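K.L.:
The chain contents come next:
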Amino acid sequence: MRDFEYCRPQSLKEAVTVLAEKGKGAYPLAGGTDILIELKRRRLPASCLVDIKAIPELRGIEREGDALRIGALTTHSELLGSSLIQETVPVIAHAARQMAFPEIRNRGTIGGNICNAYPAADLVPPLIALGSSVLLASASGQREVGVAEFVLGSRQIAILPGEVLVAVKVPVPVSNAACAYARASTRKTGGIAATSAAAYLSADGGVCRQARIVLGAIEAKPRFVAEAAGYLEGTSISEDVAKAAAKMSVSGLSPIVDPRLSVQYRSYMTELMVRQAVLEAWAEVNR
Amino acid sequence: MRYEITVKVNGEDYEAYIPARRTLLDFLRDDLGLRGTKKGCDEGDCGSCVVLLDGTPVNSCMVLAVEVNGREVTTIEGLAKGDELHLVQRAFVEQGAIQCGYCTPGMVLAGKALLDVNPHPTTTEIKEAISGHLCRCTGYGAIVEAIQAAAESMDGGQRASGKTGRSD
Amino acid sequence: MAGFNIIGKGVPLIDAREKVTGKLEYGTDMVLPGMLHGKVLRSPLPHARVLSIDVSKALRLSGVRAIATAADAPTAPFTVPGQTLDDELLFARDKVRFIGDEVAAVAAADLDTAEEAISLIEVEYEPLPGVFDPEDALKEGAPLVHEEHGSNIANRQKFGRGDFDAALARADVVYEGRFVTSLVHQGYLEPHGVVASWDSSGRVTLYLPIQTPVMVRMSYARALGISEDRIRVIQYPLGGGFGGKQECKIHPICALLAKKTEKPVRMANTRRDEFIASLPRLPMIINMKIAGSSDGTLLGKSIRIIADNGAYTNYAPAIMYSALMRHDNLYRIPNLLAEGLLVYTNKIPTGPFRGFGNTQAHFAFESAIDMFAAKIGMDPAELRLKNARQKGDVTPHGWKLGSCGLSECIQEAMNDAGWKEKRGNAGTGRKRHGIGIACCLHVSGNRAVMPAFDGSSSYIRINQAGKALVFTSETDLGQGARTTFAQIAAERIGLRVEDVNVALVDTDTSPHGWGTWGDRATTLGGNAVLAAAEDARRQLVEIAAAKLEANPQDIVGENGRLYVAGAPNRSIMIAEAAKAFSYSKSGAILTGQGSYVPDDIVSVPDPVNKYGNVSVAYPFAAQVAEVEVDLDTGEVNILRLTAVHDLGRIINPKGARGQVIGAVAQGIGFAMTEEMKTENGKVLNASFKRYDVLRAPDMPEMSVGFVETVDPNGPYGAKGLGEPALNPTAPAIANAIYDAVGIRFHELPITPEKVLAALRRKGRRTQQPRHCRAPRGQPLHREIPPQQHPLQAGRPQPHRL
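Chains as they are written, first to last, in the numbering used here: chain A, 175 to 461; chain B, 22 to 189; chain C, 18 to 818.
Keep in mind that the hints were calculated from the coordinates and are not lab data.
Just to be clear, a hint being listed does not mean it is correct.
In silico lysine to aspartate or glutamate, DMTMM-like type, Cα no more than 25 Å apart, as pairs [to be verified]:
(1) B:29 x A:225
(2) A:214 x C:132
(3) A:421 x C:180
(4) A:198 x C:132
(5) C:484 x C:438
(6) A:214 x B:25
(7) C:280 x B:51
(8) C:112 x C:143
(9) C:417 x C:725
(10) C:26 x B:105
(11) A:227 x B:36
(12) C:280 x B:52
(13) B:148 x C:645
(14) C:671 x B:51
(15) A:196 x C:129
(16) B:102 x C:42
(17) C:74 x C:141
(18) B:102 x C:35
(19) C:439 x B:52
(20) C:40 x B:115
(21) C:40 x B:25
(22) A:417 x C:132
(23) A:362 x C:649
(24) C:40 x B:93
(25) C:112 x C:139
(26) C:706 x B:52
(27) C:276 x C:35
(28) C:26 x B:173
(29) A:227 x B:34
(30) C:40 x B:104
(31) C:40 x B:166
(32) C:40 x B:105
(33) A:196 x B:25
(34) A:417 x C:645
(35) C:694 x B:64
(36) A:362 x C:647
Part of the chain C face toward chain A, derived, beta carbon under 8 Å [stated by the list, open to error]:
(37) 127
(38) 129
(39) 408
(40) 647
Note that the structure is predicted; figures quoted are calculated from it, not measured.
Just so it is clear, CB atoms sit at the ideal spot from N, CA and C, and this is done for glycine as well.
I would like the entire structure built from these sequences, with the hints used as guidance.
P.N.:
Structure (structure tokens):
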């Protein structure tokens, strides 16, 4: 690794000040499970790591009205172990469980998973499908941006210089709504997602009222598939309906290259994952 | 840039003045001479470097030493009490769960951390707990059996064997 | 085991306690005071002329002590012992030949500085067209990897037995298939490492985690241009080897840096180094032809191999030789033809990996045997039983089978797995069941290299406290060889296992032997230890007999004591006898010496026709895999794997079981998930993140059984086990998939993607996936340029309110 500075601000205010002061080479450090690899491979021009783990405002999982506020520092393990998450948005726990291994989940955070903007990030598709947003703080104040708008592409996010991701706001699905996530990889345990799909569905009288389908890992940025979602809305979802929606989801995809798998196979698996996520969400809605 | 840190390792306090870029793994191995913690991939994929940070297993290659300032680390060297092996260690020896031994320190610590929070794990839970650890020698069979045996011996062998049966 | 005190007991590894407490110092744990840290600059190009190397900037960096390039290294090319194709240099001189080729090396005060210095070395390359496919490399006008060689064929072998063409003419049925195996890595958890230190007399000591201390001393002496006696190799414990730790270029490079700096230097591979520049398994394209009668009599077999050598040769000719003929000794097939071409490409060089070519060939052969059975409508297990080799057979290659439990292995595996009920019972619906069998044989105590080290030697010193220290040159890679040796010595002498230690190899003090490969340790090393133990015992018994006033032949050893048979109270402690020996000889330590040189076994088979009995013993096995194939996803779930092995005699049941399950895990990886994907010579998945080694939850239910045939040449009848255990796994799985869905997979690994594509071709699926736009111009998942990094500010987006 190249040499760099390290600081550990104790408050959000201190953190945004330091980030603004240090400028371009300053990077927030949370769980470190990605940034340390980048540093070891000498791919990141970091002159200063701002360790944000001591900042109390970035912690905790709380219910705030119709939404959950999940602190940016919440680890994947904490997501998995939270009864509040389990009760309100179990899909987040399910997605967190797909990520790597226990030791990595003990360090990796929800904020890191989003800011890393890795196409295969497991939390991002369900967060987007749920309509989540991120809360950002800087020296000049706070703002809220939808996760869908925040993730711009592979390794690109709409963060401003000096900003810190403070928390993720996740709308809790109403009682007749649910979200499911399915993913495929080259191996059963701890593999990086080769393709993934999240489906959010709400129902009214046995008919789908609202649908959001988000694809992950297959393109450089998470993709909303509006046509398929529109197709589901107003129908009573069956195997065949889900199959048809899944088929629509993969038309016109621009898959990124995965050295391990062909585009054909990954789009086929995308179709399967959409089908699976839609059927699981629908089953949940109707439970 | 260098920084001063104080860290408790295996119950003993250490003060050090180290560069920010030093990982906890290199700090343990090269600065403290605790080379029982192994470097297998240095990218969080193999589990050879797992230590307990305030009781929780982490890949020490994925943590900077400066980050653990003021915290407590347990390495494989801190597990046995004098000549008396920890139950998980003893089970690894007795069950033939060790071949080359390079994964053993991380595996043992992961097993201990699991039993600390879940004293009656199923085989599925054991496999999940060590899923971040590669072993290229044993095929994992004896390792899973050893953690299971350790769980049983912690119970003084009282527990019904069915609870950790292979069938789950 | 009746009649034995220690043989057949599941004693823990003698170093288990050190390992479980983290106290065992491995090769990469070795530290010397004041040592420097070295790092290699590797070629980023697969094939290029090196026009210039400018190290001036790097040398100016504070903390840099020395930089070595081809200019510092001998100019004469070298290769490994027993091989003849000298095509390696310490550093690329005029050309680089693969991505990862060593160009320069830095020694610095710390590793970060060494890394920084590496990034400051400026190399000017003139890129050359590369060749990445062995069949392309054979074409007219293909770029030459080594121009001086005149072609890309590094080695060619052709030999036969009987008359294959006549067999073909006589056969009712012929099956022919082309099989392809992939580039797979040994994946030992401890990367290669070395500490090198020169003394004032001009001798270098290399502290190495290595399988073959004596062999590397020979090749490193040539690499460094010095005599062998100027190198001392001190072996350190290995964090796994699996054939991959018989050689590593950083070892002699480290010696060079230590010489230049006059300081000890330490080097270790990163995991990435391992995946781009070590010696993974030699990939092969195998054409297999089987000819026989419709009643299941096998008449002939031919094999043609094109092996992808990579850029340099190492042990590949021997690996190809093994792939060309070892499997011929499994069944009674009289007419054989073998032809192999070893071909250079601009890719990572390849080498030994557990199985040594036999694994690749077994995949092709055991798949082809199944297809032959299918063609004649015979149960594939019955076909194997019908043709199985038997004890006492002399095979067409001259191999003499002193023991052979192949038929028993097949029977037991079939019974255990429920073969008869499960076979041909795929079921209907989304998930199909299948069961498949494959067998193997291997060598144990293979020689076939150089007569100077045909057998093995050992000596055992028993000190005044009655503690024995065994010296041997056959190394422990973690498989437990030291424990096996301790058990053999303790059994023979009458000691307790805990009173026996086994020294790691030091070329200054250990006997000289080839080290561990070819499943030599148990048979050759074990016999040598047994002979040394016998010699030590004889001396102890003489003393005891005199003291106890008994006949030497009546003395029995057990549990650290020597006593008169039938009168256990007339006894003397071995410690006491050893002390008496020492005191009577002015402090000498009682030493037993033993050598084992098997007779009737050739060390080097006939150079042209390759005929000869090359191994002390031959282990056999049968494995049965049970799978479930998901027609929707192409996923293959391995439900259960039965492995029954003829290992002669069980020395340590726990160790034996561990060897088998560990090998099967590697075998499943070879079959299903593992592959170093390359594109224009570049390894695309050079990390454990994307190189898919099996993890604990991925293992199937295992059933392990043993057949004890008590080999006449093995110590206590034992044969090797470590290598053969992974040979049958991949074909057993492929055969099970065939049983489930009727599709033959010819190419490894059998990924869900390949299964799905094959299912679709077969027309079992009606659902067609849509074709997507070509991914041209899209960013790679992995290689993200730093300026695109997420944590850097992207384009600011308007607030969403």
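K.L.:
Run every hint past the structure and note whether it holds.
P.N.:
Hints, one by one, checked against the model:
{"no.": "1", "hint": "B:29 x A:225", "in the structure": "20 Å, holds"}
{"no.": "2", "hint": "A:214 x C:132", "in the structure": "10 Å, holds"}
{"no.": "3", "hint": "A:421 x C:180", "in the structure": "57 Å, violated"}
{"no.": "4", "hint": "A:198 x C:132", "in the structure": "24 Å, holds"}
{"no.": "5", "hint": "C:484 x C:438", "in the structure": "55 Å, violated"}
{"no.": "6", "hint": "A:214 x B:25", "in the structure": "22 Å, holds"}
{"no.": "7", "hint": "C:280 x B:51", "in the structure": "18 Å, holds"}
{"no.": "8", "hint": "C:112 x C:143", "in the structure": "9 Å, holds"}
{"no.": "9", "hint": "C:417 x C:725", "in the structure": "18 Å, holds"}
{"no.": "10", "hint": "C:26 x B:105", "in the structure": "24 Å, holds"}
{"no.": "11", "hint": "A:227 x B:36", "in the structure": "21 Å, holds"}
{"no.": "12", "hint": "C:280 x B:52", "in the structure": "20 Å, holds"}
{"no.": "13", "hint": "B:148 x C:645", "in the structure": "21 Å, holds"}
{"no.": "14", "hint": "C:671 x B:51", "in the structure": "35 Å, violated"}
{"no.": "15", "hint": "A:196 x C:129", "in the structure": "23 Å, holds"}
{"no.": "16", "hint": "B:102 x C:42", "in the structure": "20 Å, holds"}
{"no.": "17", "hint": "C:74 x C:141", "in the structure": "14 Å, holds"}
{"no.": "18", "hint": "B:102 x C:35", "in the structure": "14 Å, holds"}
{"no.": "19", "hint": "C:439 x B:52", "in the structure": "58 Å, violated"}
{"no.": "20", "hint": "C:40 x B:115", "in the structure": "18 Å, holds"}
{"no.": "21", "hint": "C:40 x B:25", "in the structure": "28 Å, violated"}
{"no.": "22", "hint": "A:417 x C:132", "in the structure": "52 Å, violated"}
{"no.": "23", "hint": "A:362 x C:649", "in the structure": "16 Å, holds"}
{"no.": "24", "hint": "C:40 x B:93", "in the structure": "21 Å, holds"}
{"no.": "25", "hint": "C:112 x C:139", "in the structure": "15 Å, holds"}
{"no.": "26", "hint": "C:706 x B:52", "in the structure": "28 Å, violated"}
{"no.": "27", "hint": "C:276 x C:35", "in the structure": "33 Å, violated"}
{"no.": "28", "hint": "C:26 x B:173", "in the structure": "23 Å, holds"}
{"no.": "29", "hint": "A:227 x B:34", "in the structure": "22 Å, holds"}
{"no.": "30", "hint": "C:40 x B:104", "in the structure": "12 Å, holds"}
{"no.": "31", "hint": "C:40 x B:166", "in the structure": "23 Å, holds"}
{"no.": "32", "hint": "C:40 x B:105", "in the structure": "14 Å, holds"}
{"no.": "33", "hint": "A:196 x B:25", "in the structure": "21 Å, holds"}
{"no.": "34", "hint": "A:417 x C:645", "in the structure": "24 Å, holds"}
{"no.": "35", "hint": "C:694 x B:64", "in the structure": "20 Å, holds"}
{"no.": "36", "hint": "A:362 x C:647", "in the structure": "14 Å, holds"}
{"no.": "37", "hint": "127", "in the structure": "11 Å, violated"}
{"no.": "38", "hint": "129", "in the structure": "6 Å, holds"}
{"no.": "39", "hint": "408", "in the structure": "42 Å, violated"}
{"no.": "40", "hint": "647", "in the structure": "10 Å, violated"}
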